[in-house]
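Engineer: Taking the hints into account, I'd like the entire structure generated from these sequences.
Under this note's numbering, think of the first position of the sequence shown as -15, with each following residue one higher.
Accuracy of the hints is not assured; some may be wrong.
[As the list claims (entries may be wrong)] Capping the alpha-carbon separation at 25 Å, the derived lysine-lysine pairs in BS3-like fashion look like this:
1. Lys254 / Lys305
2. Lys164 / Lys215
3. Lys315 / Lys305
4. Lys16 / Lys260
5. Lys169 / Lys107
6. Lys244 / Lys16
7. Lys215 / Lys8
8. Lys244 / Lys254
9. Lys215 / Lys16
10. Lys219 / Lys164
11. Lys16 / Lys219
12. Lys260 / Lys14
13. Lys107 / Lys16
14. Lys219 / Lys8
15. Lys315 / Lys286
16. Lys215 / Lys244
17. Lys14 / Lys215
18. Lys305 / Lys244
19. Lys164 / Lys244
20. Lys219 / Lys14
21. Lys120 / Lys107
22. Lys169 / Lys244
23. Lys169 / Lys215
24. Lys286 / Lys305
Just so you know, the hints here were simulated from the structure itself, not pulled from any lab data. In this text, all values refer to a predicted model and were calculated from it rather than measured experimentally.
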Amino acid sequence: MNILLEFFVVTFRVLWAFVLAAAKWLVRPKEKSVAGQVCLITGAGSGLGRLFALEFARRRALLVLWDINTQSNEETAGMVRHIYREMAEEAAAAAPRVAGDGEKDALPHCNLQVYTYTCDVGKRENVYSTAERVRKEVGEVSVLVNNAGVVSGHHLLECPDELIERTMMVNCHAHFWTTKAFLPKMLEMNHGHIVTVASSLGLFSTAGVEDYCASKFGAVGFHESLSHELKAAEKDGIKTTLVCPYLVDTGMFRGCRIRKEIEPFLPPLKPEYCVKQAMRAILTDQPMICTPRLMYMVTFMKSILPFEAVVCMYRFLGADKCMYPFIAQRKQATNNNEAKNGI
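Structural biologist: The following block contains the structure:
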């Protein structure tokens, strides 16, 4: 094709992409069904991972829950089973009416199950061996939610190297390993969905959490490159969604504070709200979701403004040292534990 003609075609497609994106703001796309599909969630024992599990359970997915904490993972599984029982009871109560209408339930609720695995995603061989167990005991994974995450809570020069490595392994490297474990079958079937739960700190950074920001920037870069690779391979049946929330009130960054005059307008996100927004993006095959939407503007401004201008904005918002109270609390808690243990 003549390069000039191709340039006009590309320009039209870019503009058309803007039109389609605007249309989705005005008309809510229909959510796809994940009923009966195997959904694996890492870090499912608490926080966002637990809430993702409950949301997928309500949509009748077969759940595979990974967490390093066996007890909390089983607690999540108990909540999922409770949801399954409620749906089974509702289906049984509605059965006579449905039968009278001549309709059949798309998926028997008795088929819904939840499987739990204790897995340290920061250890590559543990990921691969657990993934092999999942394939043998459950089947192939259709929806992979890379959610597990940790934070060290130390300034760079005070952070032990082991904690830096741990943060990078869990928050970034684990995404490589889980994807390598489950992507081959997705490619073979040209069907699947990979969700990367990153952070707004994977799009822009702040002081005091160098290891966390680096790990989340890495996760974002991994996700974007993977998305491009799937497009280049023309595997349009495999979808990807990048989730980048602002500070979420899960306790992970307890103590983090921006300027008190600004905080009422930008408070920490409720975990339930964050997950519901992410679920809507996943089920409508949205490539990326930033919560709240203001994060899109912050990312854009960071990309075009001079660095000193960004620093001025950070200082005005109190975002330049917002992690310092959190780090101080972590340090105090560590000192208290050491004193308690007689160290």
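Engineer: Now, for every hint given, state plainly whether the structure supports it.
Structural biologist: Structure-based check of each hint:
Restraint check: the Cα-Cα separation between Lys254 and Lys305 comes to about 22 Å, which is no more than 25 Å; the hinted pair holds. Using a Cα cut-off of 25 Å, the hinted pair Lys164 and Lys215 holds, with the two alpha carbons roughly 17 Å apart. Between Lys315 and Lys305, the direct Cα distance comes to roughly 16 Å. Compliance with the 25 Å bound is thereby established for this hinted pair. For a cut-off of 25 Å, the pair hint linking Lys16 to Lys260 stands: about 15 Å separates their Cα positions.
Using a Cα cut-off of 25 Å, the hinted pair Lys169 and Lys107 holds, with the two alpha carbons roughly 22 Å apart. About 41 Å separates the Cα atoms of Lys244 and Lys16, which puts this hinted pair outside 25 Å; it is violated. Distance hint between Lys215 and Lys8 is fulfilled; the C-alpha atoms sit about 21 Å from each other, no more than 25 Å. Proximity of Lys244 to Lys254 is assessed by CA-CA distance (about 18 Å); at most 25 Å being required, the pair is judged to hold.
With a C-alpha separation of about 20 Å, the suggested pair Lys215 and Lys16 falls inside the 25 Å cut-off, and the hint holds. Simply put, Lys219 and Lys164 have alpha-carbon atoms about 16 Å apart, close enough for the 25 Å limit, and the pair holds. Restraint check for Lys16 and Lys219: the C-alpha separation of about 18 Å stays at or below 25 Å, so the hint holds. The straight-line distance between the Cα atoms of Lys260 and Lys14 is roughly 15 Å, inside the 25 Å bound, and the hint therefore holds.
Taking the CA atoms of Lys107 and Lys16, the gap is about 33 Å. The hint is violated against a cut of 25 Å. Between Lys219 and Lys8 the alpha-carbon distance is near 23 Å, which keeps this suggested pair within the 25 Å criterion. A C-alpha spacing of about 31 Å is found between Lys315 and Lys286, which places the hinted pair above 25 Å, so the restraint is violated. Between Lys215 and Lys244 the alpha-carbon distance is near 44 Å, which puts this suggested pair outside the 25 Å criterion.
At most 25 Å may separate the alpha-carbon atoms for a hinted pair to count; Lys14 and Lys215 meet this at roughly 22 Å. Among the hinted pairs, Lys305 with Lys244 is consistent with the structure: their alpha-carbon atoms are about 13 Å apart, no more than 25 Å. For a cut-off of 25 Å, the pair hint linking Lys164 to Lys244 is broken: about 44 Å separates their Cα positions. Only pairs whose Cα atoms come within 25 Å are accepted, and Lys219 paired with Lys14 is accepted, the gap being roughly 21 Å.
Restraint check for Lys120 and Lys107: the C-alpha separation of about 20 Å stays at or below 25 Å, so the hint holds. Our distance criterion of 25 Å between C-alpha atoms is broken by Lys169 and Lys244, whose separation comes to about 50 Å. With a C-alpha separation of about 17 Å, the suggested pair Lys169 and Lys215 falls inside the 25 Å cut-off, and the hint holds. Proximity of Lys286 to Lys305 is assessed by CA-CA distance (about 17 Å); at most 25 Å being required, the pair is judged to hold.
In this structure, the earlier hints numbered 6, 13, 15, 16, 19, 22 are contradicted, and the remaining ones agree with it.
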